[in-house]
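Engineer: Letter by letter, the chains look like this.
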Amino acid sequence: MSELHSTDVAIIGAGPIGLFSVFQCGMLKMSCHVIDALPATGGQCTALYPEKPLFDIPAAPGINAVDLIERLEKQVEPFNPTIHLNQQVTELDKIGEHWYLSTSTGLKIQAKAVIIAAGAGAFGPNKPPLDNIEQFEANSVHYMVQKREDFRGQRIVIAGGGDSAVDWALSLADVAAEVYVIHRRDRFRAIPESVAQMKALADEGKIELVIPYQLASLEGDGDKLKTVVVKTLDGDERRIEADHLLSFFGLATKLGPINDWGLDILNGVIKVEPSTCATNIEGIFAVGDIADYPHKLKLILSGFSEAAQAAHAAYLIINPGQALNFEHSTTSGVPTL
Amino acid sequence: MTTITFIKPDGEKVAVEATNGATVMEVAKDKDMPMLAACGGSLACATCHVIVDESWYAKSGEVCEAEEDLLDTAHGLTNTSRLCCQMKVSDDVEGMVMTLPPMG
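Those protein sequences? They're chains A and B, same order as listed. When we follow the numbering used here, the leftmost residue of the first sequence carries the number 2, and every step to the right adds one. When we follow the numbering used here, the leftmost residue of the second sequence carries the number 79, and every step to the right adds one.
Some hints could be false.
Here are the computed lysine-lysine pairs in the BS3-like style, where the Cα-Cα straight-line distance is at most 27 Å [said to hold, decoys possible]:
no.	chain 1	residue 1	chain 2	residue 2
1	A	K297	B	K86
2	A	K255	B	K109
3	A	K255	B	K86
4	A	K128	B	K86
FYI, nobody ran anything at the bench for these hints, they're computed from the structure.
Starting from the given sequences, assemble the full structure and let the hints guide the process.
Structural biologist: Pasting the structure below:
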């Protein structure tokens, strides 16, 4: 039986708004646990555009996304939040006065309120929508390479046109029996030198570029892949005998289990009352990109404000009957938890 | 105002009045079409992928290299696939029809 963590507020998502929710809760002396599917904090800032400058953060003009996250982490340090990475919240149930969250790694958290700051959902591999792809995931379909040696002597199909596809084509050309690279067009969005090396290997016959094709279907027995079927846009089909498919289409977000909690969700966003960020379920709040109300602006700026609204509304639920003294940080300072 | 028609993944056709100058993605979101458009039009994802009716494709505008790069990460591409955050509504596209692929 895994340990049960107990906290005032469970925050789902460790992006900028999840982190700032920790700050706002902390200012009201509420403790937080934060859960995120990615291996690092920062959400889309870290995963999608770490080196891009943001120009609309007040008093931090032109700040890089990673630097913004670093500063937010520093800002929440005094509140000692516990951040659980590499796991997705799979279940959320209310028993008595408390919310119970379970994660994909078996972690259990008990909380008095929940703030969902999950952006566009949890990040995971952008999987091609092939009917039976999950059937092969245990053995033959991979979204990352852990050990290059696993592919020695194997027939490998690599799908995608970015850096991962190109880099692994180069790396596996030496160990694999056969390497096929499936891409929809001649241009690859990868370091030009690597692309040139890959094309040279193709000219030497060490790998084969299968262009312009897209994945069409997979065939095999159980979790063992046998054939990757690819097609051109005009419907020309080619069958490639292969042991493994490496699928490199980057990251995609999915709401996943959040869809199943009874929240008022339309097209990937949760309806909230904007003055409190309360959802249709008492004790669950939503902030940042995942929160929706009329004329919502999907800006980090708006999310910061929503985090403050949600924290103040959550305080009243967590501390029933207690006065909430509104204080400016110039007066209160940063309280310790 | 310009009329454009979305064909939802279930086949339902929805004709909507769109304001010239808006992006097709903004129109789709405003009309609650089933579309994620996760990045909000900043050319960082491919979740506003639409399949433009062949007869309208030429009028859908230029496809820039950044859009092509992101289309690499979309699935079920066709010869008339576009990211609709890069398509602007104007008098030229009066009557345009496009199909929305299923949301991942």
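Engineer: With reference to the structure, classify each hint as holding or not holding.
Structural biologist: Here is how each hint holds up against the structure:
A threshold of 27 Å between alpha carbons decides the hint, and for K297(A) with K86(B) the separation of about 24 Å falls inside it, so the pair holds. The hinted pair formed by K255(A) and K109(B) meets the criterion: a straight-line CA distance of about 22 Å does not exceed 27 Å. In summary, the hint linking K255(A) to K86(B) is supported, as the alpha carbons are separated by about 20 Å, within the 27 Å threshold. Distance restraint check for K128(A) and K86(B): the Cα-Cα separation of roughly 22 Å lies within the 27 Å cut-off, and the hinted pair is therefore satisfied.
When held up to the earlier numbered hints, the structure conflicts with none and fits them all.
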